[in-house]
Amino acid sequence: MKKNLLYFDNAATAWPKPENVYRFMLDFYRDTGVNPGRSGFDLALEAGSLLDKLRQRLTRFFGGDEDAPERLCFGYNATDALNLIIPGLLGAGDHVVSTNLEHNSVIRPINHLVRDLGVQATFLPFDSAGFIDPHAVANAIRRNTKLVIINHGSNVIGTVQPVREIGRLCRERNVTFAIDTAQTAGIIPINMKEMNVDVLAFTGHKGLMGSMGIGGLCVRKHVELRQVRSGGTGVRSAHPYHLEEYPWRMEFGTPNMLGVAALWAGQDWLAEQGGVETIHAREMELAQKLVDGLRPIDGVHLYCCDSLQNHVATILINIDGMEAGDVGVMLDVDHDVATRAGLHCAPLVHQQLGTLDIHGGVRFSIGPFNTDGQVDAVIRAVEDIAAWRKQRQQARAAAAAR
Amino acid sequence: MSDCSIFEWNDLRLPLDEDGFLQQPERWDPRVALALASTEGLTELTDAHWKIINHIRDYYRQFDIAPMVRKICKETGYSLREIYGLFPSGPAKGACRVAGLPRPTGCV
Numbered sequence: 001m002k003k004n005l006l007y008f009d010n011a012a013t014a015w016p017k018p019e020n021v022y023r024f025m026l027d028f029y030r031d032t033g034v035n036p037g038r039s040g041f042d043l044a045l046e047a048g049s050l051l052d053k054l055r056q057r058l059t060r061f062f063g064g065d066e067d068a069p070e071r072l073c074f075g076y077n078a079t080d081a082l083n084l085i086i087p088g089l090l091g092a093g094d095h096v097v098s099t100n101l102e103h104n105s106v107i108r109p110i111n112h113l114v115r116d117l118g119v120q121a122t123f124l125p126f127d128s129a130g131f132i133d134p135h136a137v138a139n140a141i142r143r144n145t146k147l148v149i150i151n152h153g154s155n156v157i158g159t160v161q162p163v164r165e166i167g168r169l170c171r172e173r174n175v176t177f178a179i180d181t182a183q184t185a186g187i188i189p190i191n192m193k194e195m196n197v198d199v200l201a202f203t204g205h206k207g208l209m210g211s212m213g214i215g216g217l218c219v220r221k222h223v224e225l226r227q228v229r230s231g232g233t234g235v236r237s238a239h240p241y242h243l244e245e246y247p248w249r250m251e252f253g254t255p256n257m258l259g260v261a262a263l264w265a266g267q268d269w270l271a272e273q274g275g276v277e278t279i280h281a282r283e284m285e286l287a288q289k290l291v292d293g294l295r296p297i298d299g300v301h302l303y304c305c306d307s308l309q310n311h312v313a314t315i316l317i318n319i320d321g322m323e324a325g326d327v328g329v330m331l332d333v334d335h336d337v338a339t340r341a342g343l344h345c346a347p348l349v350h351q352q353l354g355t356l357d358i359h360g361g362v363r364f365s366i367g368p369f370n371t372d373g374q375v376d377a378v379i380r381a382v383e384d385i386a387a388w389r390k391q392r393q394q395a396r397a398a399a400a401a402r
Numbered sequence: 001m002s003d004c005s006i007f008e009w010n011d012l013r014l015p016l017d018e019d020g021f022l023q024q025p026e027r028w029d030p031r032v033a034l035a036l037a038s039t040e041g042l043t044e045l046t047d048a049h050w051k052i053i054n055h056i057r058d059y060y061r062q063f064d065i066a067p068m069v070r071k072i073c074k075e076t077g078y079s080l081r082e083i084y085g086l087f088p089s090g091p092a093k094g095a096c097r098v099a100g101l102p103r104p105t106g107c108v
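Taken in order, these protein sequences are the chains called H and D. With the numbering used here, letter number 310 in the first sequence gets 310, and the count goes up by one each step, no holes. With the numbering used here, letter number 66 in the second sequence gets 66, and the count goes up by one each step, no holes.
None of these hints come from the bench; they were simulated from the model. These numbers were taken from a predicted model, which means no experiment stands behind them. Glycine is no exception: its CB is placed at the ideal position from the N, C-alpha and C atoms. A hint or two may mislead.
Only some residues are given here: those of chain H computed to face chain D with a beta carbon under 7 Å [to be verified]:
| # | residue |
| --- | --- |
| 1 | D42 |
| 2 | L45 |
| 3 | V329 |
| 4 | D336 |
Which chain H residues stay away from chain D? Per the calculated CB distances, all over 10 Å, these [to be verified]:
| # | residue |
| --- | --- |
| 5 | F24 |
| 6 | S49 |
| 7 | T254 |
| 8 | L258 |
| 9 | G299 |
| 10 | Q309 |
| 11 | D372 |
| 12 | E383 |
Calculated from the model, a selection of chain D residues having no Cβ within reach of chain H, i.e. all distances over 12 Å [unchecked claim]:
| # | residue |
| --- | --- |
| 13 | T39 |
| 14 | Y59 |
| 15 | S79 |
| 16 | P102 |
This is chain H alone, in the form it adopts within the complex:
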């Protein structure tokens, strides 16, 4: 790990990972890294056993149907899962309701269906605090609406949407409700049954503390999801088509067993910490400290964080008169602070915030290994950059006046 780096880019990937994750990944892959579910020798069965146990464990973790753990299917990441969910639920003439808070992992698959199949789409704006009004979702539902898909937690401004209420309204209207949990899985508690969520997409390398390259979807029993891919399943090889039974229905080719091992160990670690609520509470204390420290700095703008209720620890800022990218470079080079500056693959958020013209904003995303002292250092860094910006502006104004 790079010495002295203040890592505030946990919304891109949680880093570092807990030591037990690194250890278990390596040990498992070295000792049991054979192809699961294909060959019948004992070691292959052992590898398959971890896969099956993880399905059960994550189904419980997400509050899915515990009597149908096969509906927890693994893929590469949330984007991969969303590319199964969105075209798997929508066809020509269907309507989908989504929001301006979405990541391109939702926007682009929808836009492709709009362009290629004539699917109709409604993207709802968020309010000034960064939230979607559940009744606006209900009002947007039409007779041909087949799917409501919402970013559970924004990867740009950190707001967590009222999915329970949105889910209830969708359920009443018999519309499938899906959520993208890339920023919330392993960070805030999720219970699909209680939240009326029909389908959930997750990634493994963020709050779940697994590795990159593992993610997936959890599909409730009453949901019919069409296959949009096909290939090897390791079973019933003589069948000419991809299998319709879960998990094979939504899994294609050899799974990422290194990632499976990482997710398993990540679950152990989350439990050892006292659960996601405990970690989240600590992260939000740091987020509040960061907001309180940044707010008084002259020239610093914060977005959608007047209150950090229903928030994950992701804070977006800009500094007057500076492009986000320049602030990011200065934080990195002069202060060893790693952030993400730009549009965060979520252009509609920045369009609505009015930050497209300055190429987005600077995002600080706090993870379980950040400390009070690091937050203090970040505040000092932003103070320094904002002061430099002010001096530079004054010097320019003086030069222009001469």
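With chain H fixed as given, assemble chain D onto it according to the hints.
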């Protein structure tokens, strides 16, 4: 070539992308650098500017990618703020652009 515009400077006509990066890198020469620098509000390029431009071009020729900003600072001896003083748009959008490099990739 999309979202391209023609930038005219003295007798030069340079196709630039939407962010002002040179679309035909083979056309770069010191006069083109001066033309591009004018879009930064610069009327001349000093030895300090050239030290940075030459470092960036040498690195790009060798690795086909712009150098990391830390590397530019370390190799040229200029701090990041000094680089912003020389190229008001900074190392990427200023110095790399004047050096004729294509627009760096990144999530913007």
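Hint check:
With its C-beta approaching chain D no nearer than about 46 Å, D42/H sits outside the 7 Å limit, and its interface hint is violated. About 42 Å separates the beta-carbon of L45/H from the nearest beta-carbon of chain D, more than 7 Å, and the hint is not met. The beta carbon of V329/H comes within 6 Å of a beta carbon in chain D, closer than 7 Å, and the hint placing it at the interface holds. Proximity of D336/H to chain D is violated relative to the hint, the smallest CB-CB distance being about 10 Å (cut-off 7 Å).
In this structure F24/H is separated from chain D by more than 10 Å, as the shortest Cβ-Cβ distance comes to about 31 Å. Remark: the non-interface label on S49/H is consistent with the geometry, its nearest Cβ contact in chain D lying 39 Å away (cut-off 10 Å). Residue-level check passed: T254/H sits 30 Å from the nearest beta carbon of chain D, beyond 10 Å. Against chain D, the non-interface label of L258/H holds: every CB pair exceeds 10 Å, the least being about 26 Å.
The Cβ of G299/H lies farther than 10 Å from every Cβ of chain D, with a closest approach of about 16 Å, so its non-interface assignment holds. Consistency note on Q309/H: stated as away from chain D, and its beta-carbon is indeed over 10 Å from all of that chain's, at 29 Å minimum. Taking the minimum C-beta to C-beta distance to chain D, about 27 Å, the non-interface status of D372/H holds against the 10 Å cut. Every CB of chain D lies more than 10 Å from the CB of E383/H, the least distance being 15 Å, so the non-interface label holds.
For T39/D, the shortest C-beta to C-beta distance to chain H comes to about 15 Å, beyond the 12 Å cut-off, and the non-interface label holds. The Cβ of Y59/D lies farther than 12 Å from every Cβ of chain H, with a closest approach of about 16 Å, so its non-interface assignment holds. Chain H draws S79/D into its interface by the beta-carbon criterion, the shortest separation being 8 Å against a cut-off of 12 Å. Distance to chain H confirms P102/D as a non-interface residue, since its nearest Cβ pair spans about 16 Å, more than 12 Å.
Of the numbered hints stated above, those contradicted by the structure are hints 1, 2, 4, 15, listed in ascending order.
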